[in-house]
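Peer 1: Those protein sequences? They're chains A and B, same order as listed. Using the numbering used here, the first residue of the first sequence is number 1, and each one after it goes up by one. Using the numbering used here, the first residue of the second sequence is number 1, and each one after it goes up by one.
There may be inaccurate statements among the hints.
Stated by the list, open to error - Label pairs and their computed distance ranges (CB to CB):
| no. | chain 1 | residue 1 | chain 2 | residue 2 | range |
| --- | --- | --- | --- | --- | --- |
| 1 | B | G161 | A | S119 | 57 to 63 Å |
| 2 | B | R340 | A | S119 | 44 to 50 Å |
| 3 | B | H483 | A | T260 | 27 to 33 Å |
| 4 | A | D297 | B | K380 | 56 to 62 Å |
| 5 | B | P299 | A | E420 | 55 to 61 Å |
Keep in mind the hints are simulated off the structure, nothing from the lab. Quick caveat, the model's predicted, so the values are computed rather than measured. Don't be surprised by glycine CBs; every beta carbon is placed ideally from N, CA and C.
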Amino acid sequence: MLGEETVRRLLLDALAQSQVEQAEVVLLSWDGALTRFANNTIHQNVAERDVQVLVRAAWGKRVGGAVTNRLDRDGLRRAVEQAEAAARVAPEIPDFPGLPDPQPVQPVHAFDGAAAAASPQWRAQQVEALLRVARGEGAVAAGALSTGTHEVAVANSKGVFCYHAGTRVHFSTVVHVDGASGYAERADWRLEAFDVVSLGRPAVDRARRARNPREVPPGTYPVVLEPYAVQDVVGWMAHAGAGALAVQEGRSWMNGRLGTRALSELVTLWDDGRDPEGIPAPFDFEGVPKRRVVMVDRGVPLGPVYDTQTAAREGKTSTGHALPRAWAEAAAVGPVPSHVFLQEGTSTVEDLVRAVDRGLFVTRFWYTRLVHPRDCVVTGMTRDGVFWIEGGEVAYPVRNLRFTQGYVQALAAVQRVGHEAYLLGDRFESYRVPALQVAEFTFTGVTEF
Amino acid sequence: MDELVARALNAAQLAGCTYVDVRVVETTRQTLLVRNGAVQGVTWTEDAGFGVRVVADGAWGFASSHRLDLEEAARVAQLAVQIARASALAKREDVDLGPPVVQRGSYRTPVEVDPFRVSLETKLDLLLRADEEMRRVRGVTTTEAELVFIRQRKTFASTEGSLLTQEIVESGCGIQATAVGNGEVQQRSYPNSVGRHQQQRGWEFVLEQDLVGNAPRIAEEAVALLSADVCPDEVTTLILGGSQVALQVHESCGHAIELDRVFGAEAAFAGTSFLTPDKLGNFRYGSEVVNITADATLPGGLGTFGWDDEGVPAQRVDIVREGLFVGYLTDRETARRLLRELGPSPYVTGVSNGTARASGWNRIPMIRMTNVNLLPGTWKLEDLIADTDRGIFMDTNRSWSIDDRRLNFQFGCEIAWEIRRGKRTRLLRNPIYTGITPEFWRSCDAVCDADHWVLWGTPNCGKGEPMQVAHTGHGAAPARFRHVRVFGRG
Numbered sequence: 001m002l003g004e005e006t007v008r009r010l011l012l013d014a015l016a017q018s019q020v021e022q023a024e025v026v027l028l029s030w031d032g033a034l035t036r037f038a039n040n041t042i043h044q045n046v047a048e049r050d051v052q053v054l055v056r057a058a059w060g061k062r063v064g065g066a067v068t069n070r071l072d073r074d075g076l077r078r079a080v081e082q083a084e085a086a087a088r089v090a091p092e093i094p095d096f097p098g099l100p101d102p103q104p105v106q107p108v109h110a111f112d113g114a115a116a117a118a119s120p121q122w123r124a125q126q127v128e129a130l131l132r133v134a135r136g137e138g139a140v141a142a143g144a145l146s147t148g149t150h151e152v153a154v155a156n157s158k159g160v161f162c163y164h165a166g167t168r169v170h171f172s173t174v175v176h177v178d179g180a181s182g183y184a185e186r187a188d189w190r191l192e193a194f195d196v197v198s199l200g201r202p203a204v205d206r207a208r209r210a211r212n213p214r215e216v217p218p219g220t221y222p223v224v225l226e227p228y229a230v231q232d233v234v235g236w237m238a239h240a241g242a243g244a245l246a247v248q249e250g251r252s253w254m255n256g257r258l259g260t261r262a263l264s265e266l267v268t269l270w271d272d273g274r275d276p277e278g279i280p281a282p283f284d285f286e287g288v289p290k291r292r293v294v295m296v297d298r299g300v301p302l303g304p305v306y307d308t309q310t311a312a313r314e315g316k317t318s319t320g321h322a323l324p325r326a327w328a329e330a331a332a333v334g335p336v337p338s339h340v341f342l343q344e345g346t347s348t349v350e351d352l353v354r355a356v357d358r359g360l361f362v363t364r365f366w367y368t369r370l371v372h373p374r375d376c377v378v379t380g381m382t383r384d385g386v387f388w389i390e391g392g393e394v395a396y397p398v399r400n401l402r403f404t405q406g407y408v409q410a411l412a413a414v415q416r417v418g419h420e421a422y423l424l425g426d427r428f429e430s431y432r433v434p435a436l437q438v439a440e441f442t443f444t445g446v447t448e449f
Numbered sequence: 001m002d003e004l005v006a007r008a009l010n011a012a013q014l015a016g017c018t019y020v021d022v023r024v025v026e027t028t029r030q031t032l033l034v035r036n037g038a039v040q041g042v043t044w045t046e047d048a049g050f051g052v053r054v055v056a057d058g059a060w061g062f063a064s065s066h067r068l069d070l071e072e073a074a075r076v077a078q079l080a081v082q083i084a085r086a087s088a089l090a091k092r093e094d095v096d097l098g099p100p101v102v103q104r105g106s107y108r109t110p111v112e113v114d115p116f117r118v119s120l121e122t123k124l125d126l127l128l129r130a131d132e133e134m135r136r137v138r139g140v141t142t143t144e145a146e147l148v149f150i151r152q153r154k155t156f157a158s159t160e161g162s163l164l165t166q167e168i169v170e171s172g173c174g175i176q177a178t179a180v181g182n183g184e185v186q187q188r189s190y191p192n193s194v195g196r197h198q199q200q201r202g203w204e205f206v207l208e209q210d211l212v213g214n215a216p217r218i219a220e221e222a223v224a225l226l227s228a229d230v231c232p233d234e235v236t237t238l239i240l241g242g243s244q245v246a247l248q249v250h251e252s253c254g255h256a257i258e259l260d261r262v263f264g265a266e267a268a269f270a271g272t273s274f275l276t277p278d279k280l281g282n283f284r285y286g287s288e289v290v291n292i293t294a295d296a297t298l299p300g301g302l303g304t305f306g307w308d309d310e311g312v313p314a315q316r317v318d319i320v321r322e323g324l325f326v327g328y329l330t331d332r333e334t335a336r337r338l339l340r341e342l343g344p345s346p347y348v349t350g351v352s353n354g355t356a357r358a359s360g361w362n363r364i365p366m367i368r369m370t371n372v373n374l375l376p377g378t379w380k381l382e383d384l385i386a387d388t389d390r391g392i393f394m395d396t397n398r399s400w401s402i403d404d405r406r407l408n409f410q411f412g413c414e415i416a417w418e419i420r421r422g423k424r425t426r427l428l429r430n431p432i433y434t435g436i437t438p439e440f441w442r443s444c445d446a447v448c449d450a451d452h453w454v455l456w457g458t459p460n461c462g463k464g465e466p467m468q469v470a471h472t473g474h475g476a477a478p479a480r481f482r483h484v485r486v487f488g489r490g
């Protein structure tokens with residue numbers, strides 16, 4: 001941890017060295033560790049301390065960027081000079097709106113001292129406790145437990161300065177029993193939420209129940225999706241179409257659906273960087289405060305999230321969802337939702353299963369890729385526990401299936417929503433999502449396990 | 001730098017480690033992105049730091065930092081030791097690295113024209129001209145042109161006595177045209193999709209790609225695809241373009257032969273592999289025309305180097321020989337384990353074949369593909385098409401997905417053409433093919449020759465936790481596969 005005052009001094013020093021009309025400096029720091037296990041033993045155990053300073057320099061509408069992880073005066077000066085040199089030769093970006101003006105940013109508390117202080121011994125003891133359970137059950141566990149602190153700060157030559165420090169804890173495990181597997185994952189910014197044995201035990205149970213799978217043919221079935229699978233659905237909807245650039249370029253699932261009931265009325269999807277039930281961050285990488293954006297209200301897509309450039313194109317104001325624009329590649333991605341919530345319902349998972357006569361219960365999806373953007377068509381595999389439902393009860397495990405499914409159509413077919421949401425994700429991106437029961441989901445292949 | 005390396009090695013040794021290595025890595029990267037005629041990004045990136053990897057109490061520990069000073073070297077070394085001792089709380093056996101590896105020397109990517117000496121103006125001019133050529137085509141809605149240049153300097157030292165320095169230079173480029181209309185979104189990319197094609201070469205590599213000359217063609221194809229017929233749903237003969245064959249090799253062979261995956265090290269994330277040790281030397285992976293090597297010595301490949309990140313020299317090894325599965329990618333630890341499990345054989349030596357690489361100073365080395373290549377066959381592409389009575393030719397990847405044991409795959413391509421009576425006929429949109437890895441490779445009956453063979457670069461290969469993005473190479477030529485399920489999406 002560098003601390004707010006050190007960060008402020010570094011960023012203001014960098015700005016002071018700048019000769020351009022407008023300059024922006026973003027700092028990202030990370031001090032974290034990850035304990036990884038497989039075959040019921042810790043096999044990789046690592047720690048990292050790093051920082052990135054991202055400089056954006058603008059001569060009028062000519063813009064350049066530079067990134068460094070050197071915090072000494074020479075390193076920062078060179079980054080400023082490189083950004084300015086790039087801006088000097090770059091042709092104008094016709095719709096570059098300039099850097100944002102200062103806006104008040106209300107801080108959000110997302111720093112947990114216990115998470116920041118978590119030691120290698122604590123992580124190893126937590127992992128070993130789970131491994132003891134796995135060994136006792138004849139299971140083989142793999143996974144990772146990570147802890148760390150991070151800082152984000154933005155300053156620009158128009159007077160923006162904002163700083164946020166946070167913590168993150170993340171755990172995931174895949175447990176195998178006789179070739180079958182189960183899964184568990186959680187993220188949080190608070191350590192107290194983490195008891196690895198409690199979190200991991202359901203994965204052991206799931207793996208035991210998933211043994212000796214039968215094969216069901218590809219086809220269209222009703223499904224119950226656990227929150228892990230729902231995160232994939234919501235993640236693709238967020239990344240492949242809930243940003244303004246995709247909508248402006250006509251390649252979003254929102255195109256042609258804004259203001260219409262395109263999804264189930266049980267689906268309400270929003271982004272809120274200030275909600276402590278996610279992994280909050282109060283501003284984006286341009287220093288714009290994050291606004292709560294309802295992307296889908298009871299099945300009706302309302303609109304995407306914006307950064308300064310995409311908002312200016314429509315005469316709107318940024319919603320605080322910019323990526324670091326000093327990264328050249330960020331221009332092709334545009335703004336993205338980063339703290340996503342899907343409204344919980346009232347059903348237990350058992351209720352969701354009871355509502356299905358003949359269908360599939362899916363733990364999670366794996367290796368999903370966008371096949372076509374307009375309907376958010378995605379292909380991928382099921383993984384770590386898929387079961388046949390017969391007469392409202394989980395009947396038997398089945399082999400993993402490949403699906404090719406429009407996620408828009410899947411969310412249009414939601415019939416029930418779970419009441420418990422899982423917090424999943426990373427330091428810059430979090431999802432809080434419940435389980436879903438979906439009337440139709442199309443599976444296009446089957447694998448050998 | 002020598003002093004920092006010595007301080008870290010000494011601090012860890014004094015703390016009782018039985019093995020220590022230190023890597024100092026400095027990376028410079030330049031990225032230029034033109035989008036819709038405007039230079040949206042010109043970014044210089046400088047990144048430097050060091051990592052200390054230790055074995056203490058028979059277990060691994062690793063710590064790293066961006067601060068390159070002596071005080072930090074000692075702190076990081078001590079933290080690595082503390083972490084190793086924590087790892088030992090949950091160990092089942094001691095780390096076994098086999099005989100010491102002692103290597104000294106230096107390696108440098110040969111380049112004709114240092115890309116960092118070419119002016120920004122020259123690079124931007126190239127991108128803007130390519131972008132303009134695409135935008136001239138009526139119906140194109142979004143255009144992108146990108147250049148990436150990377151220089152990485154590495155120093156590796158170990159308590160076994162290795163001391164190595166390497167400088168790797170990469171150049172990458174790509175253009176992409178997107179057309180939107182009638183509820184469709186179609187894109188075409190050149191030379192490859194997912195941003196770019198990349199090699200360990202200099203500016204000469206970029207010039208050879210002729211981005212400007214190819215820009216009108218791909219833009220016209222993107223627009224034409226909007227009104228093309230959807231790829232039919234059938235089981236048919238499939239011919240894949242070279243870049244798609246390269247990705248097929250990457251996903252269905254390259255990952256499946258990573259011995260750490262096979263032994264479960266990636267079970268929680270990337271997955272495991274169907275190529276279990278009992279199959280080594282006796283499993284028919286493909287047909288007799290399928291010959292696959294892992295070759296870290298190929299000039300220009302993204303998986304080329306002097307030594308891997310354990311100090312093991314670059315090597316060329318057979319993976320699939322006339323269809324038979326004969327080799328894994330190994331590091332020091334997994335090579336020993338394979339020897340313990342199978343005993344010595346023509347396929348098992350107990351010695352690493354040099355594939356341990358880390359994506360940077362802040363990551364541990366793990367088994368990564370070097371240049372995993374489908375060796376050229378004997379066909380000319382035009383002869384192959386002429387020899388095909390009925391089928392589909394697909395090119396340039398659009399989506400890719402494979403299960404966690406690398407068996408069931410599904411790939412979408414940007415473009416396809418129907419083949420009828422030996423001729424490439426109507427254009428097809430949204431083509432997809434799917435299959436099971438060994439069935440698919442066993443159905444391969446023709447591979448094009450060396451004239452069609454390109455050493456493709458994959459600069460976006462993900463594996464590990466924390467995630468590591470590796471750069472891998474894949475030599476490939478167009479190839480033909482029989483009885484493949486293909487379909488489209490309307």
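Peer 1: Now tell me, hint by hint, if it's right for this structure.
Peer 2: Okay, the hints, checked on the actual structure:
no.: 1; hint: B:G161 / A:S119: 57 to 63 Å; in the structure: violated (33 Å)
no.: 2; hint: B:R340 / A:S119: 44 to 50 Å; in the structure: violated (33 Å)
no.: 3; hint: B:H483 / A:T260: 27 to 33 Å; in the structure: violated (43 Å)
no.: 4; hint: A:D297 / B:K380: 56 to 62 Å; in the structure: holds (58 Å)
no.: 5; hint: B:P299 / A:E420: 55 to 61 Å; in the structure: holds (56 Å)
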